[in-house]
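Participant: Can you build the whole structure from these sequences, using the hints too?
Chains as they are written, first to last, in this note's numbering: chain A, 1 to 63; chain B, 1001 to 1334.
Just so you know, the hints here were simulated from the structure itself, not pulled from any lab data. Bear in mind that the values here come from a model prediction, so they are computed numbers and not experimental data. In this text, a Cβ means the ideal position worked out from N, Cα and C, and glycines have one as well.
Cβ pair distances, simulated, as ranges: (1) A:LYS44 to B:ASN1032: 25 to 35 Å; (2) B:ASP1081 to A:GLY32: 33 to 43 Å; (3) A:LYS22 to B:ASP1191: 21 to 31 Å.
Calculated pairs, DSSO-like style, for lysine-lysine (alpha carbon to alpha carbon, straight line, at most 30 Å): (4) B:LYS1207 to B:LYS1255; (5) A:LYS22 to B:LYS1108; (6) B:LYS1035 to A:LYS23; (7) A:LYS33 to A:LYS23; (8) A:LYS4 to B:LYS1108; (9) A:LYS4 to A:LYS53.
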Amino acid sequence: MKVKASRDFQFYRLAVFGGEMKKEDYRELQAGKEVDVSASLVKKYPNIFEVDKPPKKEVKDGN
Amino acid sequence: MAINGVVHAGTESKWGILEMSDFDAAVSATGNHEKIEGPIPTVDPGLMRDNTVKFGDGRFSAVANDFVSDKGGLRVLSFSDMVVRGQDLGWLLYAVCQNISEDAVAQKFEKTYTIANATTQPDFSANAGYFAQIGIYDTIASYHRAYTGCILRTLTLSADLAGDGLLRASGEWISGFTESTTTNFNTGTWDYNPQTYYNFNSSPTKKIGGNDVVLYGFDMTINNNAVRSGSTGANGVCETYSLGQYEITGNIKVKFDANVQGLFAADRAGTTTAIQLATGTDGELYNFDFTCASCLVQNVGDDYENEHGRALDVPFKANTSAVFTVTDAEDRTW
Chain A
1 MKVKASRDFQ FYRLAVFGGE MKKEDYRELQ AGKEVDVSAS LVKKYPNIFE VDKPPKKEVK
61 DGN
Chain B
1001 MAINGVVHAG TESKWGILEM SDFDAAVSAT GNHEKIEGPI PTVDPGLMRD NTVKFGDGRF
1061 SAVANDFVSD KGGLRVLSFS DMVVRGQDLG WLLYAVCQNI SEDAVAQKFE KTYTIANATT
1121 QPDFSANAGY FAQIGIYDTI ASYHRAYTGC ILRTLTLSAD LAGDGLLRAS GEWISGFTES
1181 TTTNFNTGTW DYNPQTYYNF NSSPTKKIGG NDVVLYGFDM TINNNAVRSG STGANGVCET
1241 YSLGQYEITG NIKVKFDANV QGLFAADRAG TTTAIQLATG TDGELYNFDF TCASCLVQNV
1301 GDDYENEHGR ALDVPFKANT SAVFTVTDAE DRTW
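Facilitator: Written as structure tokens, this is what we have:
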């Protein structure tokens, strides 16, 4: 599934994802790029969203 | 019970940092701590106390009616004179700035910490940001102390070129979680970072107002003014931290010469001055760089009695934005 990350993803360390995310994917998402990850990650982490389904209001400041 | 006559040396104790990934995780007794070179922090357990004599107690203290609780409290661990080793600096700056980008260039992994007007803060409750367990490995097994969910509220970095020139740190770790005084850390490892330092005796860049200066020493304090926010659970632990406002202040001691005499005018006019202090080679291993394009220099002070001759104290306060970079060859994937 093609995903991107919202802006607050910048505050997350790879360690937080408990081994579910590959280092390369993490770095790409940090750089604002699209990556292919499993659907379960999207369900679990609200700061990752399907490319064609961005959140209604992107989280910008951790609120 | 008979006394135990074995006396332990204070230096048998040690303290260390263990990066955490879950903000409200329980104490890890088996994790591998990064040992810190420096004295053991002093601990304020942040207890709520009421020892007042109550109505009905009469004229003297009645302890049975006192109140003491750690719920809602903030544990503060104050440390000083820490010698900053190679990979220590990355954590310290992350723990106070709570804002980082790390590049992925092998052997370098330069970390950039930016504090600016537009800086926001992480949602600690969702495991964002940097937080760690601070362990104090005391001299009696099973009586080691642990503090979880710690961030740095203040961090002071300093170097004295009249001394060894090494970057040293002091500051305050804070924890809004329950203190453990009965942890046994005997399982995990407690190792120092390699013996590599940030030595300002080999500083290639020391500039104030764009001019090279002869640096005698400096200190700078980063304060995020963190407080605990919210309380939850049976133990009344915090739900997140609030980083209300960032401040970076400090003092630079330099040789007095034509390159710095203009600072008096900047002080009186309230105009800003660029400051850059760095050690190591830009972008290379163990490079540390502090850059503030617009610092206020305030109360610039004469020093006629310095052992190095006529010197100048340049107190400063960062304005608008400041950037720290550290290159430590450590791929943290932060």
